[in-house]
Amino acid sequence: MFDDFLIRALLAGCAVAAVAGPLGAFVVWRRMAYFGSTLSHAALLGIALGLLTGINTMLGVMLVSLIVALLMSLPHWRHKNDLLSEDTLLGILAHGSLALGLVAVAFLEDVRFDLNVFLFGDILAVTRSDLYWLYGGGAGVAIILIFMWRPLLSSTVHEELSIVEGVPVQTFRLVYVLVLAGVVALAMKVVGILLVTSLLIIPAATARPLSCTPEQMGILASVFGCLSVAGGLWGSANYNTPSGPSIVLAALVLFLAVRLFASFKRSV
Amino acid sequence: MSQLPSVLIQANAIDMTFGGRQVLSHGEAKVAEGEIVTLIGPNGAGKTTMVRIMLGLQSPDKGTVIRRPNLRVGYMPQSLNIDPSLPIDVLRFLSLGLARGDAGHDLRSSVLEDVGVCHVANSPIQKISGGEMQRVLLARALLRNPDLLVLDEPVQGVDVSGQSELYALIRKIRDHRGCGVLMVSHDLHMVMAATDYVICLNQHVCCAGHPETVSRHPEFVALFGEGVAAEFSIYQHDHDHEHDVRGNVITHDQKKYLNEYNNV
Numbered sequence: 009m010f011d012d013f014l015i016r017a018l019l020a021g022c023a024v025a026a027v028a029g030p031l032g033a034f035v036v037w038r039r040m041a042y043f044g045s046t047l048s049h050a051a052l053l054g055i056a057l058g059l060l061t062g063i064n065t066m067l068g069v070m071l072v073s074l075i076v077a078l079l080m081s082l083p084h085w086r087h088k089n090d091l092l093s094e095d096t097l098l099g100i101l102a103h104g105s106l107a108l109g110l111v112a113v114a115f116l117e118d119v120r121f122d123l124n125v126f127l128f129g130d131i132l133a134v135t136r137s138d139l140y141w142l143y144g145g146g147a148g149v150a151i152i153l154i155f156m157w158r159p160l161l162s163s164t165v166h167e168e169l170s171i172v173e174g175v176p177v178q179t180f181r182l183v184y185v186l187v188l189a190g191v192v193a194l195a196m197k198v199v200g201i202l203l204v205t206s207l208l209i210i211p212a213a214t215a216r217p218l219s220c221t222p223e224q225m226g227i228l229a230s231v232f233g234c235l236s237v238a239g240g241l242w243g244s245a246n247y248n249t250p251s252g253p254s255i256v257l258a259a260l261v262l263f264l265a266v267r268l269f270a271s272f273k274r275s276v
Numbered sequence: 173m174s175q176l177p178s179v180l181i182q183a184n185a186i187d188m189t190f191g192g193r194q195v196l197s198h199g200e201a202k203v204a205e206g207e208i209v210t211l212i213g214p215n216g217a218g219k220t221t222m223v224r225i226m227l228g229l230q231s232p233d234k235g236t237v238i239r240r241p242n243l244r245v246g247y248m249p250q251s252l253n254i255d256p257s258l259p260i261d262v263l264r265f266l267s268l269g270l271a272r273g274d275a276g277h278d279l280r281s282s283v284l285e286d287v288g289v290c291h292v293a294n295s296p297i298q299k300i301s302g303g304e305m306q307r308v309l310l311a312r313a314l315l316r317n318p319d320l321l322v323l324d325e326p327v328q329g330v331d332v333s334g335q336s337e338l339y340a341l342i343r344k345i346r347d348h349r350g351c352g353v354l355m356v357s358h359d360l361h362m363v364m365a366a367t368d369y370v371i372c373l374n375q376h377v378c379c380a381g382h383p384e385t386v387s388r389h390p391e392f393v394a395l396f397g398e399g400v401a402a403e404f405s406i407y408q409h410d411h412d413h414e415h416d417v418r419g420n421v422i423t424h425d426q427k428k429y430l431n432e433y434n435n436v
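Sequence lines, in order, name chains A and B. Going by the numbering used here, the first residue of the first sequence is number 9, and it counts up by one from there. Going by the numbering used here, the first residue of the second sequence is number 173, and it counts up by one from there.
Think of the hints as simulated: they come from the structure by calculation, not from any bench. Everything numeric in this text was worked out from a predicted model, so none of it was measured. Among the hints, erroneous ones may be present.
What the hints assert, rightly or not - To give an idea of the chain A side of the interface with chain B (calculated C-beta under 8 Å), a few residues: (1) 37; (2) 39; (3) 122; (4) 125; (5) 172; (6) 177.
Glycine included, C-beta positions come from ideal geometry on N, C-alpha and C.
Based on the sequences and whatever the hints tell you, model everything.
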C-alpha cells in the first residue's frame, strides 16, 4: 500500500532524523536550541537567494546558514561587556533574517513559488536527486560527527578544562556550528523552516530519561527521530494531514509517552 | 633573572585590564618542581585572572608567561556546571581528559581511590556532592600525570573538616609525585599548613614568602586568629613584614620580591 513517493519520503526523513538525533543531543547539552532556531529562520533568506540567483536553493540555504553561523561565532558577537544577553541578540538575528527572507521572496514575482513548501517542508515531493543530496550530506555529517564526538563532548562538559588539556575548542565549535547549519539545510526539506529545531531537540529530549551515556542518548535520539518520521508519515497518509507538522506531532507524542513512562517508573 | 631548570612556570610583570578596570598590575608568580605556591587575596584581587593567564586561557595586556617546554598541566577548575541533560557518570567524565584509550578502567578507579571517592565511580556526575566533585576534578587533573597541578579554589563548597583533608591530600600528592602545585585560595588559615610559598595578591603583589616564617611573626598570628577582619588586614600589613628577620615577606617593591623569590 506504500506508494513510491511515500517510501522516498520515509527514506529522506530517516536520513535526516538519523543525523539530527546525535547532533540534536549536543544542541540540548550545550543549551543551543535558540541558536538552532536562528539558523533555520535565516534559511529562508538562503532560499530567496538561491531562487534569485538561480543556483540550487539548498546551496543558498547552506551559504546563508554558514554566514549566520560564522557571524554568531565571531568573538565580537558575544562581547564580554555587551549590554544585551545572547538570547536577545539571537532573537534579533533570527527574526531579522526571517523578515529579510520574507521580503526577499516577495521580489520573486516571475518565479513560481510556494512559500508554504519552505515554511512547512514538502517531504512527499522528495525526488530521487533530493535523496542523493540527503544521503550524501547525511553521510558526511555522520563521519564528521564520529570524528569530533570525543573532543566536542569534552568541550561541552567544560570548555576551559578542555583548552588546558589541549583540545582545539574553537575549531571544534566552528565545525560543529557549520555541521549544524548543514543539517538545518537538510532538515528543512523534511519539516520546513519553522519546525527544523524540533527535529533536533525533541528526539534528543525523548532519549534523555532512557540513557546512561552520551552515546546511548545520541543513538536513541536517532531512533526516536526515525520513529517520528515513520509515525508522522503514517498519520499524514491516513488522515491527509500536512506531513511536516505530523512528523513533529509524532515526535511530541513519543516525548510525552517516554516522559510519562519515566516519571511513572520513578514513582514506583 | 636566572631561569633555573626546575622552574615549571613563571609569570613576569603581568598587566591586565577588564573594561577599564585594572585587575592586575605587575603581577608575578613562579612555581618550581615539587613546590606548592598559593595565591591569596580578597575578592577581585585578580587571583583567578592570574591563574587563567598562566594557563593560557587569557592573554595579558602586558607581561610574559614562560613555561618549561612540554609542561604537562593538570587543571582543576573552580566548579563544574554540566547540564542535567547530559547523561555521564564519573568514570566516563574522567576518561574525557585523556587521549582515546589512554587510561583503562582500573587506572581511573585507582586514581578515584587515591582521592578518596571510589564510591561515586558510577554515579551521574550531576548527582555527587560539592566535596566529591572537587575530588573528582582533582582525580581528572591527576590522571594526566601532570608536572604542574593548577587548582582554582580547590576547597570551594567543601565543609571545614573536608577542607583540611583536601589540603592534606594535595600535599600528599605533591610528596608522592613531586609535581609543582599552584593554588588559588582566599582561606588564609587553612592554606598555611599546606603551602610552601604564599603570594598575597591585590591587583599587585602585596607580599610573598614562606608561610612558616610568616606565621611565626606574632602580629601575623594575631591577624590570623581574628577571622574575617583579620583576613583583610593582612593585605594592609606590608610594613609589618618588611622587618621580618629572614626578609621573606616584602612589600610592593617588585624587584626586591623577585630577588628574594629567586633565592628560595
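To see whether the hints hold, each was checked on the structure:
1. For residue 37(A), the suggested interface contact is upheld, since its CB lies about 4 Å from the closest CB of chain B, less than 8 Å.
2. Interface restraint check: residue 39(A) against chain B, minimum CB-CB distance 6 Å, threshold 8 Å, status holds.
3. Contact between residue 122(A) and chain B, as hinted, is not supported at the beta carbon level, the nearest pair being about 37 Å apart and thus beyond 8 Å.
4. The restraint placing residue 125(A) at the interface with chain B is violated, with a minimum CB-CB distance near 33 Å, outside the 8 Å limit.
5. Hint status for residue 172(A): holds, given a least beta-carbon distance of 4 Å to chain B, under 8 Å.
6. Taking 8 Å as the C-beta cut-off, the interface hint given for residue 177(A) is violated, the closest approach to chain B being about 10 Å.
Of the hints listed earlier, those the structure fails to meet are numbers 3, 4 and 6, in rising order.
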